[in-house]
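Trainee: Be aware that the sequence shown starts at 1, since it is given in the working numbering, and climbs by one per residue.
Possibly wrong hints are sitting among the right ones.
With a cut-off of at most 30 Å between alpha-carbon atoms, the simulated DSS-like pairs for lysine-lysine come out as follows [unchecked claim]:
#, residue 1, residue 2
1, LYS394, LYS426
2, LYS117, LYS334
3, LYS245, LYS109
4, LYS360, LYS334
5, LYS526, LYS663
6, LYS598, LYS667
7, LYS185, LYS53
8, LYS491, LYS501
9, LYS394, LYS470
No lab work stands behind these hints, which were simulated from the structure alone.
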Amino acid sequence: MRKNTLILLVLLIVGKAAANEQKISQSTSKFDTRAIVVLGYLDWRQDASGAIKVPRVAFAIGDGTLLLTAAHCVYDFRVEPDEPISIDKIIISPYYGDMFDFQIVAMDKQADIAILKAPWTTHPALSLASEEEYEAVQNILIASRPQSTFGSMHFGREIETELLPVVYRDSNNPTVGLRLKGTKKVVPGWSGSPMLIPGSDTVAGILTRSIVGIKSKLFGLITLSSRNDAAGCNIYSIRELINRKRLRQAAFASPAKLENIPDAERGFSRAIDFIEALMSNNEKESFQIAENLTRIRPNSVQAHLMLALSSILKAKDPNISEQEYLEIAETNYKKALQLDPNNAYAHASYGNFLIRTQRKKEALEQCNASLAIDPNNRMALFNKFIVADSNERKETAEHLLTIEPNNPLVWFHYSSALRSKGEDEKALEAAQKAVELDPNGLFYGGLADALMNLQRVDEAETYYKLMTEKCGCQSCWFKYANFLVANRSNKLDEAAKALKKARSLSRMRRVSEENMNLLELKLLSKTSPEQGEVIARDMLDASPDNGHYWFFFAGVLRTLEKYDEAVEAAQKAVDLCPDLSYRPRLANCLAKVGEYEKAEQIYHDLHEEFPERNRYWFWYAEFLVDYLPERIDEAKDALEKASSNPDAKWFVPPEDLEELQQKIEQKTEPLPVATD
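Build the full structure now, drawing on both the sequences and the hints.
Mentor: Written out as structure tokens, the structure reads:
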């Protein structure tokens with residue numbers, strides 16, 4: 001009997017609470033729901049990959065050009081030091097049915113407020129409450145576009161609201177200035193939503209958090225309530241930040257005349273669809289949606305940039321025509337820049353695309369165009385490390401260090417720039433700084449490269465190996481394999497395993513298939529040249545104009561002592577790639593078929609162009625010793641230059657110098673005198 005009474009009492013209490021909540025919910029609010037927008041974020045990297053964050057909520061105020069949200073909703077819209085190269089921040093507007101970029105113009109982390117600036121001139125917006133309106137309000141309506149994760153990410157196209165009583169307010173508390181009692185709906189994803197005075201379009205605060213409510217039990221037996229409270233910053237904190245940043249004119253004005261935008265609802269929904277497809281890693285669907293968006297919004301810069309992005313992602317699919325989708329990407333980059341020639345991000349992204357398609361001169365033009373608009377554009381700055389000469393690379397790194405002095409990625413690139421200028425000790429210090437700032441493995445390769453330039457090969461090997469253990473990405477394994485092939489003839493089996501490991505990591509593509517193939521040919525020329533010849537011929541059947549394949553094919557043929565064919569292959573490589581250092585191999589192959597004059601002329605030409613390159617002098621010395629021993633004194637002079645020239649990039653390993661020195665000494669030893 002007592003148990004039944006308790007249950008009845010509980011039901012009465014719960015029923016009364018539900019009736020009160022229903023009574024509150026009958027109070028509706030009159031505001032333009034299009035004022036509440038969605039924030040999207042994509043970090044974009046040099047290897048044409050990206051990562052997207054869960055969309056956020058913001059809302060327009062005043063004349064519509066300013067947006068409010070919680071600071072923590074955009075605080076992570078920043079560049080991480082070790083991976084992202086650039087970020088694309090967008091607003092998805094239900095009024096325009098389109099995507100736009102935005103700027104963060106003010107932030108108060110303690111109060112958890114951020115103010116954003118949109119590029120448009122008008123937009124549906126909410127107004128800010130006066131102090132009197134704020135102090136008089138007893139209930140607050142929260143309005144949001146929340147996400148759900150039932151199986152996959154879905155972001156709200158429709159507005160959801162919850163009306164709650166005010167339980168606490170404090171004009172002097174910037175962290176929790178406004179607290180509402182007993183929310184059922186507010187969960188992560190509602191942050192940044194407006195807290196409105198019911199029956200109006202007036203903002204009293206910004207929702208920033210939920211606070212665990214106090215659980216109560218009836219007679220110590222049954223828990224009656226464990227609902228959280230909703231909390232946020234109040235109008236005092238909002239007004240203070242607006243005044244401090246001198247944004248009153250826009251914040252307290254009214255929107256200009258609003259027009260009827262065709263297909264706004266459809267465009268808005270498709271833009272959200274696109275974000276969801278990217279988050280699901282569905283390249284096929286994201287491409288189709290972006291293509292549809294450009295038809296709905298043919299003059300949208302962001303729509304064309306999104307189609308370019310999704311085309312590049314789709315081009316990675318091995319089952320489709322890469323070239324077709326790369327052409328679509330380029331068409332849309334050009335269209336975006338035609339619509340907005342002053343878009344620094346579009347110039348930088350197009351430059352990144354041009355690097356991917358091996359058009360470095362055009363890429364440099366796009367980098368410079370981006371930096372002329374925004375001198376601090378990270379993608380353009382980082383891409384200059386790839387396409388600029390050594391002087392510009394060094395200047396670019398020094399500029400980035402003034403912006404991000406504790407960024408290990410910048411120190412890593414600075415080390416590379418210093419190495420290219422022959423400043424090897426400074427390069428080592430910069431590489432050590434990168435590793436000191438991030439000891440997790442990503443930058444050990446740069447430290448190993450710096451040590452190689454100082455001819456500290458054994459130490460370099462340690463860090464190449466450590467790189468595979470600490471980081472272990474495809475690039476790490478490839479660099480380790482390449483080091484072993486070039487410097488450790490006794491570890492070629494280990495090199496083969498490292499290359500196989502690199503190939504197995506194709507899902508995290510950082511090394512081109514071409515470079516994988518070239519290293520395989522280089523390895524096979526030392527371990528199994530017969531197999532290397534078969535593979536090289538297959539590669540050339542598929543890519544007959546690939547000068548790099550011809551170069552390594554020449555090396556395989558030379559190992560097989562097929563010298564006439566090696567000469568033809570080396571000549572083909574030089575013809576197809578005249579700017580690369582492929583002529584020494586041609587000279588060597590010519591010498592092997594007895595064409596000494598032609599071979600020597602190539603060496604003389606190389607010495608005139610590159611007198612500082614140690615290796616060219618070393619190879620010339622070898623040529624004289626092996627084929628023209630009567631000119632042994634000239635060989636000695638060439639070997640001396642090979643030992644003393646300052647260009648560490650072209651240094652010759654000490655053991656090779658010593659071996660050639662011994663050959664010269666043997667050829668100059670006096671013949672024994674005959675005796676009776």
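Trainee: All hints, please: hold or fail.
Mentor: Each hint, compared with the structure:
For the hint pairing LYS394 with LYS426, the CA-to-CA distance comes to about 12 Å; that is within 30 Å, so the pair holds. A C-alpha spacing of about 26 Å is found between LYS117 and LYS334, which places the hinted pair at or below 30 Å, so the restraint holds. Taking the CA atoms of LYS245 and LYS109, the gap is near 15 Å; set against the 30 Å cutoff, the hint holds. Straight-line distance between C-alpha atoms of LYS360 and LYS334 comes to about 17 Å, which keeps the hinted pair within the 30 Å bound.
Simply put, LYS526 and LYS663 have alpha-carbon atoms about 23 Å apart, close enough for the 30 Å limit, and the pair holds. Taking the CA atoms of LYS598 and LYS667, the gap is near 24 Å; set against the 30 Å cutoff, the hint holds. Of the pairs offered as hints, the one joining LYS185 and LYS53 holds, with about 22 Å between alpha carbons and a cut-off of 30 Å not exceeded. Distance check on the hinted pair: LYS491 and LYS501 sit about 15 Å apart at the alpha-carbon level, within 30 Å; holds.
With a C-alpha separation of about 28 Å, the suggested pairing of LYS394 with LYS470 holds against the 30 Å cut-off.
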